[in-house]
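Participant: Spelled out from the first residue to the last, the chains are:
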Amino acid sequence: MSKLPRTGVIRDYDMHSLSVRIGYGVIYGLCLVMTVFALFPLLWVVLAGFKDLKEFVSSTSLLPRSFDLAPFAKTWSQLGLGKNYLNSLISVIGSVVCALIFNGLLGYGIAILRPKGCGVIKRLVLLSLLVPATISIVPLFMNIQRLKLGNSFLPLWLSYGANAMYVVLFIQFFESLPYSMIEASRIDGCSPLQTFFHIVLPLSKPICAVVSIFAINAAWSDFLLPYLVLRGGELQTVMVRLFVFSTEQTVNADTMMRSVVFSMIPPIILFVIFQKQLTENAASAGIKG
Amino acid sequence: MKNRNSDLIRRGRRREDLKAWLIMLPGILLMTFFVWEPLLESIRMSLYKTENVELVKFIGLKNFISVMGKSNFTQALTNTFAYTFWSLLIGFVLPILLAMLVGETVRGKGFFRTAAYLPNMLPGLAVIILWSAFFSGEKSGVLNILLAKLGVPTQTYLTRANLVIPIIITIATWKGAGATALIYMAGMASVNPELYEAAAIDGASVWQRVVHILLPSIKKLAGTLLILQIISVFQIMYEPMVLTKGGPDNASLSLMQLMWQYAFGGSMDYGKASAVAVIVTAILLVMTAVYSYFNNKESDWD
Amino acid sequence: MKKIIRALALILALSLALSLLAGCGGQSQSAEPAPTKAPEMSEELESELNAFSDEVIDPDLTCTITLGNWPADTAPASELAVFEGYKATMAKQYPNVTLVPDYYSYTLSNYVPMAKGGTAPSIFQPPFTDPQLLISQGLVGDVTDALAACGALEKFSPSYVEMLADENGRIYGLPRDGYVLGMHLNVALFREAGLVTEDGLPMIPTTLQELAEYGQIIREKTGKAGLVFPASETYGGWLFTNIAWNFGCVGDSALEYQDETGRWVCNFTSPEAIAAMEYMRDLRWKYDILNADATTTDWAGSHSLLGTGEAAMNFAADDSVDQPTANKGLPLEDFALVPFPAGPAGRYALAGGTCYMFSPDITPDQATALMAYLRILGKLPFLDDDIIAGMRADYAAKRDRGAPVLPAISAWNDEEYNAAKQAIIDEYCNVDMRLYNDFFDSISEGTITLRAEEPVFAQQLYRELTAVIQRVITRENADIYKAMNEAQESFQEYLDDEINNA
Chain A
1 MSKLPRTGVI
11 RDYDMHSLSV
21 RIGYGVIYGL
31 CLVMTVFALF
41 PLLWVVLAGF
51 KDLKEFVSST
61 SLLPRSFDLA
71 PFAKTWSQLG
81 LGKNYLNSLI
91 SVIGSVVCAL
101 IFNGLLGYGI
111 AILRPKGCGV
121 IKRLVLLSLL
131 VPATISIVPL
141 FMNIQRLKLG
151 NSFLPLWLSY
161 GANAMYVVLF
171 IQFFESLPYS
181 MIEASRIDGC
191 SPLQTFFHIV
201 LPLSKPICAV
211 VSIFAINAAW
221 SDFLLPYLVL
231 RGGELQTVMV
241 RLFVFSTEQT
251 VNADTMMRSV
261 VFSMIPPIIL
271 FVIFQKQLTE
281 NAASAGIKG
Chain B
1 MKNRNSDLIR
11 RGRRREDLKA
21 WLIMLPGILL
31 MTFFVWEPLL
41 ESIRMSLYKT
51 ENVELVKFIG
61 LKNFISVMGK
71 SNFTQALTNT
81 FAYTFWSLLI
91 GFVLPILLAM
101 LVGETVRGKG
111 FFRTAAYLPN
121 MLPGLAVIIL
131 WSAFFSGEKS
141 GVLNILLAKL
151 GVPTQTYLTR
161 ANLVIPIIIT
171 IATWKGAGAT
181 ALIYMAGMAS
191 VNPELYEAAA
201 IDGASVWQRV
211 VHILLPSIKK
221 LAGTLLILQI
231 ISVFQIMYEP
241 MVLTKGGPDN
251 ASLSLMQLMW
261 QYAFGGSMDY
271 GKASAVAVIV
281 TAILLVMTAV
291 YSYFNNKESD
301 WD
Chain C
1 MKKIIRALAL
11 ILALSLALSL
21 LAGCGGQSQS
31 AEPAPTKAPE
41 MSEELESELN
51 AFSDEVIDPD
61 LTCTITLGNW
71 PADTAPASEL
81 AVFEGYKATM
91 AKQYPNVTLV
101 PDYYSYTLSN
111 YVPMAKGGTA
121 PSIFQPPFTD
131 PQLLISQGLV
141 GDVTDALAAC
151 GALEKFSPSY
161 VEMLADENGR
171 IYGLPRDGYV
181 LGMHLNVALF
191 REAGLVTEDG
201 LPMIPTTLQE
211 LAEYGQIIRE
221 KTGKAGLVFP
231 ASETYGGWLF
241 TNIAWNFGCV
251 GDSALEYQDE
261 TGRWVCNFTS
271 PEAIAAMEYM
281 RDLRWKYDIL
291 NADATTTDWA
301 GSHSLLGTGE
311 AAMNFAADDS
321 VDQPTANKGL
331 PLEDFALVPF
341 PAGPAGRYAL
351 AGGTCYMFSP
361 DITPDQATAL
371 MAYLRILGKL
381 PFLDDDIIAG
391 MRADYAAKRD
401 RGAPVLPAIS
411 AWNDEEYNAA
421 KQAIIDEYCN
431 VDMRLYNDFF
441 DSISEGTITL
451 RAEEPVFAQQ
461 LYRELTAVIQ
471 RVITRENADI
481 YKAMNEAQES
491 FQEYLDDEIN
501 NA
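Residue numbers (the numbering used here), protein chains in the order written: chain A, 1 to 289; chain B, 1 to 302; chain C, 1 to 502.
Chain A on its own, in the form it takes in the complex (with noise of 0.2 Å):
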């Protein structure tokens, strides 16, 4: 196994040190302790799940009695959940598309584009990143029901088309673009919009990809504006049916676990799957954000 290279500010002079040398034990010690904080809650929230509600309520052992599963596949045919699921992945696809087309082109506009008078579109734009979605989710539902989108998807796929922070990720990569590509290809002719799908978006990959993963993330989590949308209909998510079950008291505490358990498991295979595009793209695409 090749040697790693340190980046940190910890030299390989430094190891000569012992007070280093402890330091350095102590780094370990601490990011292992950072791990069992992280990973703790969701492991007891899985063991939770195999109790029963008496079991739960009163048992003072982290440990289920069994670890029987078929309190698991009760919870799921019982409450229904396989329906909620394809409901969430529908609302989640959808939103995602929105998410890349719509804030997309509104990116490319102000931040390439550039029409006269588009600077007050971005200054709209960059002062609604301050502004709480939720501050104004009373008028939004009015205007929803007014057109009669009340228990369609369509609502929620087109709110994320309008994500003041999608809009400011694609500006910043846009910004950054290679501005003489762009040029050559509207000289060769091309329509913006031929130049947005055949140059512009090849090259922003990597913004699609964070930008698609923290829409997935956010339409999957999201419960407020879906609880008003769907609410008692057939189309209701997982989160929205966990919301639900935290407001109507219609289930048991273990139930209510098992719930949780099936909530996190999409997000967490995401996680599995895209840990690394997470861990480093997500994050340098924040430090620009």
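Please keep in mind that the hints were generated in silico from the structure rather than gathered at the bench.
Honestly, I wouldn't trust all of these hints.
For each label pair, taking beta carbons as the anchor points, the in silico distance ranges come out as [what the hints assert, rightly or not]:
{"no.": "1", "chain 1": "A", "residue 1": "L126", "chain 2": "C", "residue 2": "N168", "range": "52 to 58 Å"}
{"no.": "2", "chain 1": "B", "residue 1": "L226", "chain 2": "A", "residue 2": "L47", "range": "44 to 50 Å"}
{"no.": "3", "chain 1": "B", "residue 1": "L29", "chain 2": "A", "residue 2": "F197", "range": "18 to 24 Å"}
Keep in mind the model is a prediction, meaning the values are calculated, not measured.
Positions of the beta carbon are idealized from the N, C-alpha and C atoms, including for glycine.
With chain A fixed as given, assemble chains B and C onto it according to the hints.
Facilitator: Showing chains B and C alone in chain A's frame:
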């Protein structure tokens, strides 16, 4: 001749502008529908007496006067600043420390990074429900089980007025700190390791290198993240809603939660809810303005 | 409107007592052992479902109705099966009426935007406190003509006409059922603490003082909470009002009342109210019998703690007996329902109920279909084979899932109907009625006084009082008078804003 040319250019330019606006139009329409119009509408609603969703009568600032005159507003405002304070105390330095620690590791760095980031991927609602079992005051509460192993008697947590806000911030920090740490790590990576090497050869201690090279490299970033953190903590709402319902005795009631109570807590007073929303927005804008004044750096946006 | 509410609050209490008198004659001792939870439908239940009439009643009625009273999909399979049975019967009798199950948990705040946006279910179930508000806002549909057409209109007791009608006498809803607040006991913990009579029955605390003392014994002997008190959001205040009544917060000392000028006044600082709050303080700091996390415990949490044996007593009503038992797993022989304990100034029990109301957009055809649906559910005061079959199905399902089948507090004011219903309940009774008799006797014999919720802005009142309770039970030396006075000022301001100066 010359005139006609510039005319053509201008016309061409105008046509291109038009095309550009058309490309941006769907995005602008969506931003209008989902963000800008509702925001203006909530300002308008804050000035009206509302009955359900209808604006009944223009009443000027009466909603604001009524909302701000109540003791729960003062409490919520104080609490919200307490949330911000605790969040800065617990949540601001921790990610920097984590970034420094993980940044120093060589073997296992990828693993630590992964572990740190994972909680951030989990749905916020699920995280709050999960942690509610940790802070249960029953013997079966996770923290009580762990403390019992150390011989500490059963404690209650969420019934203590002075503990609830730090607890909620701890949960939020558990979820967010790792992801923020990765951003700092990316920032720290902008320092060429050779610089540390050179400083080390010049005899600078590890601590001196941290103070003089590492920390300055993230100063600007820390400023940005600080203001982002304040903005996000200021909007804290569903965490106390689900965990403590604002209790005990309003000790964890946040401003946004107060807004929610006015709108959906039974009284359906959207006018007063909007007034609270407008107040929160105003405070955020002022804080941002103060920040950018002190930051005193024209961003490259304008 | 407020006058109406207050007037009918009294009438309601009266009529509930009357209907109980009519209905609680048979005190069944035929307690068969409770059947263990059957995963499949019992044969008996199946035969009940098949007893529904299959004849087509109206082939021409064509419409779609969405059913907000459908059970949650988390409900036990047997309960869902009953509703599927209703749906199948409806499909046979009215082949062109489409029923769309749409489970909906009503709250005033989530209903209003739905009604405005046209997404409200055709039928839903608000508590008795809300109909007048919904009617005055035009948020519910008129079913007068459909009721008249099916012959149920004249069976309405005057109190319900007032509650469910507008000033022109148009009717917007039907009573579903009523409840009376009492106390749930975990009998197993009483046994463990030695609090049992010679017959092996639990010693029932008849006064709030006894409650505190028994709770202390239970705490000492078992280490479990004597009383679970869900002091979150509005629940704490809701339960507290009943305690306050028993300390004398009625009449001139009521928590809220209308003075001679018609102004609504709240009074949390009367000696009676202060004494009631001091009792709350003592429960926590003197007797220390409350559950650990009272301030975050909600309705479901309180049933969980009682049902799993972590608490011995819980203030709860007769309509939620299935919660600790069938839902949280407490065996029926370990569960008792007893009357609300008396206070130094009297013995009151909060009485309320639920009604059916309808979407503001329903058409006459939909209204007709909805009445047909309610008739199949047995919720109209008619006795025919279908309805008896429906009742039987309902009780059979309850018994099958291990929930107590108890004398119902009927909200219909029709003696013949109530008596017949009681006869069927006796048939399905699955509990030792000795664990319930005190509760029902106290109502039928009038040893407890039924009282409706505080008349105006009850939810806000509860919220204010909950905050005081939270302060009192989390801070040992809280200044009770000061806290009550603050809550009073705050709620008075609310009353002034919302009614007095509106």
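Participant: Compare the structure with each hint and give your call.
Facilitator: Hint check:
In this structure, A:L126 and C:N168 meet the distance hint of 52 to 58 Å, their C-beta atoms being roughly 56 Å apart. Between B:L226 and A:L47 the Cβ separation comes to about 37 Å, which falls outside the hinted range of 44 to 50 Å. Taking the beta carbon of each, B:L29 and A:F197 are about 20 Å apart, inside 18 to 24 Å as hinted.
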